Structure formats: structure tokens, C-alpha cells
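Residue numbers (numbering that gives the first Met the number 0), protein chains in the order written: chain P, 0 to 93; chain Z, 0 to 92.
To be clear, the hints were calculated from the coordinates, so they are not data collected in a lab. There could be a bad hint or two in this list.
[Said to hold, decoys possible] DMTMM-like, lysine to aspartate or glutamate: derived pairs with alpha carbons at most 20 Å apart: (1) Lys42(P) x Asp30(Z); (2) Lys85(P) x Glu26(Z); (3) Lys56(Z) x Glu89(P); (4) Lys42(P) x Glu22(Z); (5) Lys17(P) x Glu88(Z); (6) Lys85(P) x Asp30(Z); (7) Lys19(Z) x Glu25(P); (8) Lys2(Z) x Glu25(P); (9) Lys53(Z) x Glu89(P); (10) Lys12(Z) x Glu22(P); (11) Lys12(Z) x Glu25(P); (12) Lys80(Z) x Glu7(P); (13) Lys19(Z) x Glu19(P); (14) Lys80(Z) x Glu39(P); (15) Lys8(Z) x Glu19(P); (16) Lys2(P) x Glu34(Z); (17) Lys83(Z) x Glu19(P); (18) Lys33(Z) x Glu37(P); (19) Lys33(Z) x Glu89(P); (20) Lys38(Z) x Glu39(P); (21) Lys42(P) x Glu34(Z); (22) Lys33(Z) x Glu39(P); (23) Lys41(Z) x Glu25(P); (24) Lys53(P) x Glu88(Z); (25) Lys33(Z) x Glu69(P); (26) Lys8(Z) x Glu22(Z); (27) Lys2(P) x Glu70(Z); (28) Lys86(Z) x Glu37(P); (29) Lys8(Z) x Asp29(P); (30) Lys2(Z) x Glu26(Z); (31) Lys17(P) x Glu26(Z); (32) Lys2(Z) x Glu89(P); (33) Lys51(Z) x Asp4(P); (34) Lys18(P) x Glu26(Z).
If you're wondering where the values come from, they're calculated on a predicted model, not measured in any experiment.
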Amino acid sequence: MTKADLVEAIFEKIGLSKKEALELIEILFDTIKQSFLEGESVKISGFGTFIVRKKAARRGRNPKTGEDIEITPRKTVTFRASSQLKAVLEKGNV
Amino acid sequence: MTKSVLIEKVLGKFGSLTKKQAEIVVETIFDTMKEALKKGEKIEIRGFGNFKLKNRKPRIARNPKTGVKIEVPAKRVLHFKVGKALKEEMNSK
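Isolated chain Z, as found in the complex (with noise of 0.2 Å):
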């Protein structure tokens, strides 16, 4: 599923909505997700599941081909945890 599916799917289940508002929740959403993201939040969607960043010490790498040592700077990671309700939801077969 696409992001344009997801949109025609919420449209589909929020009539009240035009098609360019409905654009525009999407967008929000996860738009208002990469801004907490980027500042260093961390996410909770209950029900659904968590996003959060996690830090990468610098660490000194090897090219394999040649050798070569390159240092690896420090970096943050983001990482999804599924929710319990998600998990259980998708196991209960």
C-alpha cells in the first residue's frame, strides 16, 4: 500500500472530507512525526507502536575490499517497536 492508497482509504472512510483535505492530514501526520523525529522525540501511537532514536557510537570500519580503515562517525538510528495491541492483533490466528 501506497501513501496515495492510504489517502483514497481514509477518504473512503471520512466522507465529510475533500480529496485535497484529506492530502493534507495525511501529510500532517507524518510530517508532525518527522519534526518530533528530528528534534530527537520519541513517538507513541497507542495501539500501534513506538518510533524511537537511538545512538550509534563513532566505530572504526574496515573496507573489505581493500582494507582500508575508515572511521564511522556517530549517528542516531531510528528504531520501531510494533505495539502490544498490533502484535497480538496480528498473532491471534
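The following block holds chain P by itself, in its conformation from the complex (with noise of 0.2 Å):
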């Protein structure tokens, strides 16, 4: 499923035109995105909880020349699904 599938579903809900459907979710996802650049985790009850996670510096090898490196400290995002969403899930085939 892609960005078009969305274009598709929010189209036939309401009286939008696929342009500015895709505008919604485009501004949609850069909301989300904005909230993690500022360090906010983002919850929606349903579906699941976005944590910004920050990781410390570690020492690394690049496994080809092994050649020690340091890994920078970097931000991370991780997401958990909710207890609903996870049902879900569940009772698809596995």
C-alpha cells in the first residue's frame, strides 16, 4: 500500500479531489515528522505510538576493511502498536 491507496480511500469518503487528498496526507505525515524533529513522541489511540528515541555513540567497525569507526549519536524513531491494532493483526492469517 503506498500514498496513492490513501489518495483513493479519503477520495471516495468524502467530496475531495484526489489533489487535495494527496495535499491532506502529505501535510498529514509532515505534521508527524515535524513533532519528531522537535524530540515528541506521537500517539494515536487505535492504531499506535511513534517514540523518538535517542541513541547514544558506540564504536563501530566497518565489517568490510575492519576498520574501527565511531558511530555519532543519532535520533531514531520506533513504533509500537496498539493493544487494538495488535488484535487486529492477530486474527489476520498468519
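Put the two chains together into one complex, using the hints given.
Right, here's the structure in full:
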């Protein structure tokens, strides 16, 4: 599934053009992204929570050359499915 | 940030929508994603990230307190991978 499928779903649900639907989808994900950039987690009830995590610097190694390198501290986002979403997934085909 | 705040913000950036419509839009997006995942589909949101289901095999686990063996059934777990653009944006400072 891609953004195009989301456009289709919004188009069918409310009387917006596909162009407007796409614009809204972009706005939605940009808004969530903005929250991540501010370091704030995003909780969507019934779906799940996106959690911003900070990773400390650590030593790593280039597996190809064997060279020791410093992995810089970085931020990432993890997702935890809500119990409701987990229940939905369990019901699908395993 | 919660879903209601998200709806407010979307509304603020797309003025020609009523509050009710903004709610429907946000709910529709997450419901559609949920339906896709239920069917076992992968979700690709360019610039944001991908959601993918991974199968976990059944396994024998043990209750650490009592030592009793229990069978953990096979299940699907959801994995989110941060998109390249988002990863770069978050670490560009």
C-alpha cells in the first residue's frame, strides 16, 4: 500500500479532489514528522505510538575493511502497535 | 502529540475543511493503513517510512518463575522502518 491508496480512500469517503486528498496526506505525515523533529512522540489511539529515541555514540567497525569507526549519536523513531492494532493483526492469516 | 492535536494541526494547514471532515480524513488514513496490514500488506509512505509484518515462528518458552514450559503460538509482529528522508532530517543538525 502506498500514498496513492490513501488518496483513493479519502476520495471515496469525502468529496475532495484527488489533488486535495494527496495534499492532506502530505500535510498529515509532515505534521507527524515535525513532531519527531521537535523530539516529541506521537500517539494515535487505536493505531499505535511513534516514539522518538536518542541513540548514544558507540564504537563500530566497517565490516568490509575491519576499520574501527565511531558511530555518532543519532535519533530514530520506533513504533509500538496499540493493543487494538495487535488484536487486528492476530486475526489475520498467520 | 495525540490524534486530536494532529487533527487540529491538519485543520490549521488546510483551512477549507470542517473539523468533522478533518477528523474523517485522519481516521480514514489510519483505518486504511490498518486494513492493509490486516490483509498482510506492506505499507510504503515515501519520505516517512515503511510498515511491514514479520512472521514469528511458534516456540517453546518457559515461565521463569515456575519453570513450566509453554508453547508460544506463531504470530505476526509489525515492524516500522524509518524512511531515508526522515532519518536524514532527524540527524542533520
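To see whether the hints hold, each was checked on the structure:
Among the hinted pairs, lysine 42(P) with aspartate 30(Z) is consistent with the structure: their alpha-carbon atoms are about 15 Å apart, no more than 20 Å. Between lysine 85(P) and glutamate 26(Z), the direct Cα distance comes to roughly 18 Å. Compliance with the 20 Å bound is thereby established for this hinted pair. Note on lysine 56(Z) and glutamate 89(P): the hinted pairing holds, with a Cα-Cα distance of about 13 Å set against a maximum of 20 Å. This hinted pair checks out: lysine 42(P) and glutamate 22(Z) have alpha carbons roughly 15 Å apart, not beyond 20 Å.
With a C-alpha separation of about 28 Å, the suggested pair lysine 17(P) and glutamate 88(Z) falls outside the 20 Å cut-off, and the hint is violated. Pair hint lysine 85(P) plus aspartate 30(Z) holds up; C-alpha atoms about 14 Å apart against a cutoff of 20 Å. For the proposed pair lysine 19(Z) and glutamate 25(P), the alpha carbon gap of about 19 Å is at most 20 Å, so the pair holds. For a cut-off of 20 Å, the pair hint linking lysine 2(Z) to glutamate 25(P) stands: about 16 Å separates their Cα positions.
A hinted pair counts as satisfied when its Cα atoms are at most 20 Å apart, and lysine 53(Z) with glutamate 89(P) qualifies at roughly 12 Å. Between the alpha carbons of lysine 12(Z) and glutamate 22(P) the distance comes to roughly 10 Å, so the proposed pair stays at or under 20 Å and holds. With a C-alpha separation of about 11 Å, the suggested pair lysine 12(Z) and glutamate 25(P) falls inside the 20 Å cut-off, and the hint holds. Taking the CA atoms of lysine 80(Z) and glutamate 7(P), the gap is near 24 Å; set against the 20 Å cutoff, the hint is violated.
For the hint linking lysine 19(Z) to glutamate 19(P), the alpha-carbon distance of about 16 Å falls within 20 Å, and the restraint holds. Under the criterion of a C-alpha separation no larger than 20 Å, the hint pairing lysine 80(Z) with glutamate 39(P) is consistent with the structure, at around 18 Å. Distance hint between lysine 8(Z) and glutamate 19(P) is fulfilled; the C-alpha atoms sit about 16 Å from each other, no more than 20 Å. Only pairs whose Cα atoms come within 20 Å are accepted, and lysine 2(P) paired with glutamate 34(Z) is accepted, the gap being roughly 14 Å.
As the CA atoms of lysine 83(Z) and glutamate 19(P) are separated by approximately 25 Å, the hinted pair breaks the 20 Å bound. With a CA separation close to 26 Å, the supplied pair lysine 33(Z) and glutamate 37(P) exceeds the 20 Å bound. For the proposed pair lysine 33(Z) and glutamate 89(P), the alpha carbon gap of about 12 Å is at most 20 Å, so the pair holds. About 31 Å separates the Cα atoms of lysine 38(Z) and glutamate 39(P), which puts this hinted pair outside 20 Å; it is violated.
Of the supplied pair hints, the one linking lysine 42(P) and glutamate 34(Z) holds, its CA atoms being roughly 19 Å apart against a limit of 20 Å. As the CA atoms of lysine 33(Z) and glutamate 39(P) are separated by approximately 23 Å, the hinted pair breaks the 20 Å bound. Distance hint between lysine 41(Z) and glutamate 25(P) is fulfilled; the C-alpha atoms sit about 19 Å from each other, no more than 20 Å. Distance check on the hinted pair: lysine 53(P) and glutamate 88(Z) sit about 14 Å apart at the alpha-carbon level, within 20 Å; holds.
Distance hint between lysine 33(Z) and glutamate 69(P) is unfulfilled; the C-alpha atoms sit about 39 Å from each other, more than 20 Å. Taken as a hint, the lysine 8(Z) and glutamate 22(Z) pair is honoured in the structure, with Cα atoms around 11 Å apart against an allowance of 20 Å. Simply put, lysine 2(P) and glutamate 70(Z) have alpha-carbon atoms about 39 Å apart, too far for the 20 Å limit, and the pair is violated. Taking the CA atoms of lysine 86(Z) and glutamate 37(P), the gap is about 14 Å. The hint holds against a cut of 20 Å.
For the suggested pair lysine 8(Z) and aspartate 29(P), the alpha carbons sit about 10 Å apart, so the restraint of at most 20 Å is met. Of the pairs offered as hints, the one joining lysine 2(Z) and glutamate 26(Z) holds, with about 9 Å between alpha carbons and a cut-off of 20 Å not exceeded. For a cut-off of 20 Å, the pair hint linking lysine 17(P) to glutamate 26(Z) stands: about 17 Å separates their Cα positions. The hinted pair formed by lysine 2(Z) and glutamate 89(P) fails the criterion: a straight-line CA distance of about 24 Å is larger than 20 Å.
Straight-line distance between C-alpha atoms of lysine 51(Z) and aspartate 4(P) comes to about 16 Å, which keeps the hinted pair within the 20 Å bound. Distance restraint check for lysine 18(P) and glutamate 26(Z): the Cα-Cα separation of roughly 19 Å lies within the 20 Å cut-off, and the hinted pair is therefore satisfied.
The structure shown violates the earlier hints numbered 5, 12, 17, 18, 20, 22, 25, 27 and 32.
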